[in-house]
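K.L.:
Based on the sequences and whatever the hints tell you, model everything.
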Amino acid sequence: MFRLIGQRLVLGLLTLMAASLLIFASTEILPGDLASAILQNSATPENLAEMRRELGLDRPAPVRYAEWLNGAAHGDLGHSLASHRDVVEEIAPRLRNTLLLAAYAAIIAIPLAIGLGLFAAMRPGSSFDRSANIVILMAISVPEYFLGYLLIKYLAVELGWFPSLANVTPDMPFVDRAYLTFLPTVNLVLVVVAQMMRMTRASVLSIMASPYIEMAFLKGLPKWRIVARHAFPNALAPIINVIALNLAYLVVGVVVVEAVFVYPGLGQLMVDAVSKHDVPMVQACGLIFASAFILLNMIADVMAIMSNPRLRHPR
Amino acid sequence: MSELDDLKRQYANGRLSRRDFMGRAAALGVGAALLSSMVPDLAMAADAPRKGGVLRLGMGGGSTTDSLDPRTYDESVALACGFALFNTLIENGPDNKPIPSLAESWEAKPGAAEWIFTLRKGVTFSNGKAFTADDAIYSLNLHRGASKSGASAQMKSVTDIKKLDDNKIQVTLASGDADFPYIFTDYHMHMVPDGFTDFSKPIGTGAFELVSFDPGVRIVFKRTREFWKTGRGHLDGLEITVINDSSARLNALISGQVDAINRLDPKAIATVKKSSKLEVVQAPGGWFPIISMFIDAEPYSNVDVRQALRYGLNREAVLKTMFAGYGTLGNDHPIPKGDPYHNPNLPQIAYDPDKAKFHFKKAGLSNPTILLSASDAAFGGAVDMATLFQANAAKADIKIDVRKEPADGFFTNVWLKKPFVTSYWGGRPSATQMLSVAFKSDAPWNETHWKRPDFDKLLSDAKSELDEAKRKDYIWTMQKMLHDEGAAIIPVFRDWLDAHSSKVGGLTPHSGFDMDNGLVAEKIWLKA
Numbered sequence: 059m060f061r062l063i064g065q066r067l068v069l070g071l072l073t074l075m076a077a078s079l080l081i082f083a084s085t086e087i088l089p090g091d092l093a094s095a096i097l098q099n100s101a102t103p104e105n106l107a108e109m110r111r112e113l114g115l116d117r118p119a120p121v122r123y124a125e126w127l128n129g130a131a132h133g134d135l136g137h138s139l140a141s142h143r144d145v146v147e148e149i150a151p152r153l154r155n156t157l158l159l160a161a162y163a164a165i166i167a168i169p170l171a172i173g174l175g176l177f178a179a180m181r182p183g184s185s186f187d188r189s190a191n192i193v194i195l196m197a198i199s200v201p202e203y204f205l206g207y208l209l210i211k212y213l214a215v216e217l218g219w220f221p222s223l224a225n226v227t228p229d230m231p232f233v234d235r236a237y238l239t240f241l242p243t244v245n246l247v248l249v250v251v252a253q254m255m256r257m258t259r260a261s262v263l264s265i266m267a268s269p270y271i272e273m274a275f276l277k278g279l280p281k282w283r284i285v286a287r288h289a290f291p292n293a294l295a296p297i298i299n300v301i302a303l304n305l306a307y308l309v310v311g312v313v314v315v316e317a318v319f320v321y322p323g324l325g326q327l328m329v330d331a332v333s334k335h336d337v338p339m340v341q342a343c344g345l346i347f348a349s350a351f352i353l354l355n356m357i358a359d360v361m362a363i364m365s366n367p368r369l370r371h372p373r
Numbered sequence: 328m329s330e331l332d333d334l335k336r337q338y339a340n341g342r343l344s345r346r347d348f349m350g351r352a353a354a355l356g357v358g359a360a361l362l363s364s365m366v367p368d369l370a371m372a373a374d375a376p377r378k379g380g381v382l383r384l385g386m387g388g389g390s391t392t393d394s395l396d397p398r399t400y401d402e403s404v405a406l407a408c409g410f411a412l413f414n415t416l417i418e419n420g421p422d423n424k425p426i427p428s429l430a431e432s433w434e435a436k437p438g439a440a441e442w443i444f445t446l447r448k449g450v451t452f453s454n455g456k457a458f459t460a461d462d463a464i465y466s467l468n469l470h471r472g473a474s475k476s477g478a479s480a481q482m483k484s485v486t487d488i489k490k491l492d493d494n495k496i497q498v499t500l501a502s503g504d505a506d507f508p509y510i511f512t513d514y515h516m517h518m519v520p521d522g523f524t525d526f527s528k529p530i531g532t533g534a535f536e537l538v539s540f541d542p543g544v545r546i547v548f549k550r551t552r553e554f555w556k557t558g559r560g561h562l563d564g565l566e567i568t569v570i571n572d573s574s575a576r577l578n579a580l581i582s583g584q585v586d587a588i589n590r591l592d593p594k595a596i597a598t599v600k601k602s603s604k605l606e607v608v609q610a611p612g613g614w615f616p617i618i619s620m621f622i623d624a625e626p627y628s629n630v631d632v633r634q635a636l637r638y639g640l641n642r643e644a645v646l647k648t649m650f651a652g653y654g655t656l657g658n659d660h661p662i663p664k665g666d667p668y669h670n671p672n673l674p675q676i677a678y679d680p681d682k683a684k685f686h687f688k689k690a691g692l693s694n695p696t697i698l699l700s701a702s703d704a705a706f707g708g709a710v711d712m713a714t715l716f717q718a719n720a721a722k723a724d725i726k727i728d729v730r731k732e733p734a735d736g737f738f739t740n741v742w743l744k745k746p747f748v749t750s751y752w753g754g755r756p757s758a759t760q761m762l763s764v765a766f767k768s769d770a771p772w773n774e775t776h777w778k779r780p781d782f783d784k785l786l787s788d789a790k791s792e793l794d795e796a797k798r799k800d801y802i803w804t805m806q807k808m809l810h811d812e813g814a815a816i817i818p819v820f821r822d823w824l825d826a827h828s829s830k831v832g833g834l835t836p837h838s839g840f841d842m843d844n845g846l847v848a849e850k851i852w853l854k855a
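Taken in order, these protein sequences are the chains called A and B.
According to my numbering, the first sequence is numbered sequentially starting from 59.
According to my numbering, the second sequence is numbered sequentially starting from 328.
No wet-lab data here; the hints were simulated from the structure.
Where hints are given, some of them may not hold.
Said to hold, decoys possible - Below, simulated DSS-like cross-link-like pairs (lysine-lysine); rule was C-alpha separation at most 25 Å, straight line:
1. A:Lys211 <-> B:Lys600
2. B:Lys604 <-> A:Lys211
3. B:Lys830 <-> A:Lys211
4. A:Lys211 <-> B:Lys594
5. B:Lys601 <-> A:Lys211
Just so we're clear, the structure is a prediction, and the values are computed from it rather than from any experiment.
P.N.:
Have a look at this one:
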């Protein structure tokens, strides 16, 4: 098991390296550069050249990448080209915001999805099963920003229960933060709950068809006990994988929700950095997102192994 | 709301003159005695800003990559921050006339190539240092020579800046320019202390000091001392939240999370006007979209092709569909109707497929390629405008191909490089500045390749001429030349649209830019 984790970590590092090279290469391929993105239509050949010289953009791309890689290997992710601020300092509060929002949404969404999924699996085809399916399928079929606007229109503007802006500050008390970020959280929950719930329902149902479950029924065990004790643990592996995917989405894929609720997360930062070609910033955000994916997938694999005695104790 | 209340509000906000107000109110049947009792009362309310309070702005036009270095300013948020922290030598006043700011007076020597600026005494920077000629010279030089500044092109005409004494500087220009003071009203041209470099800890003469700067998210200011301008700088503090999504911005205003917003979506104006708690600030501006052709490239070198394209665009439709009617029609020259030098005698070019067809036939080209490059990098809706143009022109049997260019690097790789392009201009405070920056033969941004010695001659005459009647004549002639033969299609001028809650006063319309030409911080105030 530990060997497996070690292997995964080394592979993960190599993946990160490859990702950083890819990110750098693609920002180079994009037309334009930081100087032209900042000066826009105030650019003349002279002030463009001066800004490029100041930013060091006049040097060849491999040199710039080697320098960045050398810095990163020594724990220095560099400075933002546009604002000259330290990348780590700039990213830290945004990363914290992103993780907090993801955690907030996950704490609500995961138990909700699994609970709904189990209930639905207990009575497949019942009116509860059908209505839960219809509601969550509707929620996932609507674009996420549209859901956001609906939430804002009814809960913020018409009823005034919750604020439409989630403009949190770092020194904000926990309760205020939970209140300010309630609407974006609900929005995210509505987006992620569907897949997890349907996977729970489907994988529990497929186990329910196996002979040993029939045996349990014949033995006269109550249904909730069969589902919770006998079917669910054996259905866990695919559910864990789907949860990991959705968690990764909550970290890396919420830029649209951030924009609608003006939430200062990492997604908006990365979009701004990409549109201005601020390479050190893009690199750092890209590495964080890639690490989130790699780590979550690794944890999911390890947990799937642990949930399965046959894999836990290989012969 | 009744029409009279609406008039009262417009008058109180300075959008109606006293005379207009009296006239229109009388037309509604309000008695004269009642009226005259109403006016001083309103004038009092409008003239008496309240001191104190912390105001929250929700603004579009900010990015994580913003910096407080005035050389890099380009968008609304940076502009507003600049004017909160710093001051320019001259302010572009409410009616688009230069008024004193850190320079208390200025004069040109005959020929308008040498200017003497007298600086205000007794103004100190936020670090306590007095503002003097050395600071002014250092600050102006930031934009000269090898500089990354967005204002470096317009400062090229300056050949020398000299200190005469502690409060006087002399600026020498390569050639006469009667409108030169406008250059010092530009949002890049802020005054900082001599030798100042660390713009992350700004030191300025502005009404506010920086509390925190989280670019693209939130910028907080506080007022720590009495502002040196009388009747300005009312708030104790100001918070700018960057909200680039236009619906989110409007929702924040409606739900009361911010007190004022910029860049109101024209389509949302009806909603805002319905509410008694919200007010719209509408200012006819100099901002315009432009469709420019290279006048020296096939087939645009043919004047009939240019005429055909001119008549082939439905300007009314552009105004209506893209700006919900909030703007004015353009006449293919860059001077808006509100400008004192606007030429009103030129016939308005209108959509006329028959005329377009006629000119296109007359040009006698067999199957020319007309490829219009468009990108929303220029302005949101540029691609829509190009598609609209394509559909309009098709009715005159003119085939335009539209190519959607990538937003990245649009201004480096497409603009000034491709022969038929949509882009925009932010407008300039003076007519001669606008004409020089985009239509002078050797201007770096001469996007239509308009190279006419007679035009250049008129332009330099207009600049050095101090006689108003003659200047007007020159500038009118230049507009006529562009209108008749130019290679730019300027369909509309857009209005600036801000909105605020009725608790807010002092946010007045300005033709220059949104949010009171960026001066929102020192002018706005909160009602009790």
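K.L.:
Each hint needs a verdict: does it hold in this structure or not?
P.N.:
Tested hints:
Only pairs whose Cα atoms come within 25 Å are accepted, and A:Lys211 paired with B:Lys600 is accepted, the gap being roughly 18 Å. The straight-line distance between the Cα atoms of B:Lys604 and A:Lys211 is roughly 18 Å, inside the 25 Å bound, and the hint therefore holds. At roughly 23 Å between alpha-carbon atoms, B:Lys830 and A:Lys211 fall within 25 Å of each other, so this suggested pair holds. Between the alpha carbons of A:Lys211 and B:Lys594 the distance comes to roughly 17 Å, so the proposed pair stays at or under 25 Å and holds.
Between the alpha carbons of B:Lys601 and A:Lys211 the distance comes to roughly 17 Å, so the proposed pair stays at or under 25 Å and holds.
Hint check: no violations occur; every hint is consistent with the structure.
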